[in-house]
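Whole structure, please, built from the sequences with the hints as guidance.
Residue numbers (our numbering), protein chains in the order written: chain A, 1 to 115; chain B, 1001 to 1113.
FYI, nobody ran anything at the bench for these hints, they're computed from the structure.
There could be a bad hint or two in this list.
Stated by the list, open to error - Result set (DSBU-like, lysine-lysine): computed pairs, CA atoms no more than 30 Å apart in a straight line:
no.	chain 1	residue 1	chain 2	residue 2
1	B	Lys-1060	B	Lys-1077
2	B	Lys-1094	B	Lys-1077
3	B	Lys-1094	A	Lys-65
4	A	Lys-7	A	Lys-65
5	B	Lys-1060	B	Lys-1094
6	A	Lys-65	B	Lys-1100
7	B	Lys-1077	B	Lys-1056
8	B	Lys-1100	A	Lys-7
9	B	Lys-1056	B	Lys-1094
Just so it is clear, the structure is predicted and the values come from calculations on it, not from any experiment.
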Amino acid sequence: SAVISQKPSRDICQRGTSLTIQCQVDSQVTMMFWYRQQPGQSLTLIATANQGSEATYESGFVIDKFPISRPNLTFSTLTVSNMSPEDSSIYLCSVESGLNTDTQYFGPGTRLTVL
Amino acid sequence: GDSVTQMEGPVTLSEEAFLTINCTYTATGYPSLFWYVQYPGEGLQLLLKATKADDKGSNKGFEATYRKETTSFHLEKGSVQVSDSAVYFCALKKSSSASKIIFGSGTRLSIRP
Chain A
1 SAVISQKPSR DICQRGTSLT IQCQVDSQVT MMFWYRQQPG QSLTLIATAN QGSEATYESG
61 FVIDKFPISR PNLTFSTLTV SNMSPEDSSI YLCSVESGLN TDTQYFGPGT RLTVL
Chain B
1001 GDSVTQMEGP VTLSEEAFLT INCTYTATGY PSLFWYVQYP GEGLQLLLKA TKADDKGSNK
1061 GFEATYRKET TSFHLEKGSV QVSDSAVYFC ALKKSSSASK IIFGSGTRLS IRP
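As structure tokens, this is what we get:
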């Protein structure tokens, strides 16, 4: 399985500001995914990021609010823009790794609180 | 559309009790099925998986069998420990690699010493 790290692990931000979350993988992967987990809720997919192409967003999520970069096969960023308290969540990246393309492995998450 | 339904929590058990967390799914085709675990303050960890009917996934004393006839993937453990206290998510994924994972709502498990 892949080893995934995220930065920051947590942050407290003011309304109206933006935060960029980094996701680093220890091996090259084609597909990277960003999820949101609102307090006490399950996970919801925000977008899928392939290297070299635009991210694909799920219904209810837009690029202006959650811009994603995927500059290479081991790294991605998710920005949460113009934040409001409703954006307070855990944000997780995940990857499909190696031959197990039916399995996704998750990073430790970034716990975001917006005041 | 595809979906996963799991029993609502919280579930509270005494140490060494038998655990069952029910999970059923709705999906076309032959999805892979997963149990993920989220310990307090941490991200998700893959607990076990099964990729075809009648497969049994197992890890750390937990087991789940892929039952296509009942579209179920119930999680079981014979003797739980305090350290098993966590939130457990049942999930499915279609066979194509680009498809997303669909998660159940999660079941919070608390084990009393």
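(message) When the structure is checked against the list of hints, which entries are broken? Sort them ascending.
(response) As far as the earlier hints go, not one is violated by this structure.
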